[in-house]
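A.B. asks: What follows is each chain in one-letter form.
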Amino acid sequence: MSETQHDAALYKAPVIAQEGPSSWLVYTTGLVLALILTATSFWVANTAVLWEPGIPLGLAVLAIAQMGVHLVFFLHITTGPDNTNNVLALAFGVLIVFLVVAGSLWIMADLNGSMMPLQPMNLRMQH
Amino acid sequence: MNIAAEIRDVAPETLTEVRPTATEAGPAPKRVVVGYGFWIFLLSDIVMFAALFAAYAVLVRATAGGPAGPQLFNQVSVAIETACLLASSYTCGLMSLAVNSRRRGAFYLAAVITFVLGAAFLAFEIREFADMIARGATPQSSAFLSAFFTLVGCHGLHVTGGLVWLLVMMAQVAVKGLRPVVERRLLCFSLFWHALDIVWVALFTVVYLMGVRP
Chain R
1322 MSETQHDAAL YKAPVIAQEG PSSWLVYTTG LVLALILTAT SFWVANTAVL WEPGIPLGLA
1382 VLAIAQMGVH LVFFLHITTG PDNTNNVLAL AFGVLIVFLV VAGSLWIMAD LNGSMMPLQP
1442 MNLRMQH
Chain P
8 MNIAAEIRDV APETLTEVRP TATEAGPAPK RVVVGYGFWI FLLSDIVMFA ALFAAYAVLV
68 RATAGGPAGP QLFNQVSVAI ETACLLASSY TCGLMSLAVN SRRRGAFYLA AVITFVLGAA
128 FLAFEIREFA DMIARGATPQ SSAFLSAFFT LVGCHGLHVT GGLVWLLVMM AQVAVKGLRP
188 VVERRLLCFS LFWHALDIVW VALFTVVYLM GVRP
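As you go down the protein sequences, you meet chains R and P in turn.
Numbering-wise (the working numbering), the first sequence opens with residue 1322 and increments by one.
Numbering-wise (the working numbering), the second sequence opens with residue 8 and increments by one.
These are computed hints drawn from the structure, not numbers from a lab.
Glycine included, every Cβ here is placed at the ideal spot set by N, Cα and C.
Accuracy of the hints is not assured; some may be wrong.
According to the in silico footprint, chain R covers these stretches of chain P (three or more CB under 8 Å from chain R) [unchecked claim]: (1) 59-72; (2) 77-84; (3) 139-145; (4) 163-170; (5) 208-216.
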C-alpha cells in the first residue's frame, strides 16, 4: 500500500486503524471454511461409505473444528497480548462445559448400568 | 530469520516503546472492557446451554415408546436453517466492518440482510416444531421430546431476542447516529450473534446429525 493510500485509509477510519481492507477477507475465509466443514458434516452423517462406528467421533471433530473457525474468524479470538483475558475466560468456559457434559453423561451411564437388572423385572411386573 | 535478527538488534527500551506491556499501557479502552464483560456473559450463557445439552444427551433414548429422532427430524430443513444462520453470521460481520468504516448505507443493508436471514431461520424452526406437534410429538409426550424442545427452543428464543435487539440497534443508529455508546452496543450484538451460531453448530451436530442415525 502506498503512503497516500495509507493516509487516506487512516483518515476514513480513525477508530480502528489496524483493521484494513483485509478484514473482509477474514470474514469471507471464515465463511468458506465454515461452509466446507458444515457440508462435510452433513455428508458424513448421510454417507454409507465410512466406517459406521467412527461417524459420531468424526462428526464431533468436525463440529469442534467449525467452532474453532467461528471463534478465530468471526469472534476474532487471537493469541495477541490484548486478547489474553478473553482466551483465559474462554478456557475456563470450555472447562466448565466439559465438566458439565462429560460428568453428566458419565454419572448417568453409571446409574443406568446399576439399574440394568431392574428393567426386565419391572417389565415382568407390568405384564 | 531476518526478522529475528532485527528484533535482537533493537535495544530493549525501543521495544517497550513500540509495544507497551499491559501494566504500562494504562487502563484498557472502554471498547475492550465492554467486549470482555459481554464475552463473560456469553460464556455463562454457553455454560447454561451445556447443561441443556447434557440433559438432552442423557434423555435422548428415553422416548417412552413414542417417536425418536430418525422418525422426526428432516435433514433438508435443518440444512436450510444452518445455511440461513451461517449466512446471517457472515452479514453480521460485514455489518460491524461497515460500522468501523462509518458507512451508514452499508450498515443498514447488512443489518436488514442479517435480520431477514435470522427471521428465515426462525420461520423454518417454528414450522418444524409445528409439524412435530401436529404429528403428536409434543414436549409432554416423552423425556426425549421435553429435552429436545427445551434445548432447541432455548436457542430459538435467543435468536428471537437477537432479532429484537437488532431492530432496536437499527433504530438507535437512525436516531442517535454512530456515536461511541451505540458502537459498543453493536459490538456486543455482533458477539452475541456469532456466539449463537457457535451454539447452533453444536446443536445441529449433536441433535440432528447424530440423532438421525439409528
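A.B. asks: Next step is simple, just say for each hint if it's right about the structure.
C.D. replies: Hints versus structure:
1. 59-72: holds (count 5)
2. 77-84: Answer violated; 1 residues pass the 8 Å Cβ test.
3. 139-145: Check failed, 0 qualifying residues.
4. 163-170: violated (count 0)
5. 208-216: Held - the stretch 208-216 of chain P has 6 residues with a Cβ nearer than 8 Å to chain R, which meets the minimum of three.
Of the hints listed earlier, those the structure fails to meet are numbers 2, 3, 4, in rising order.
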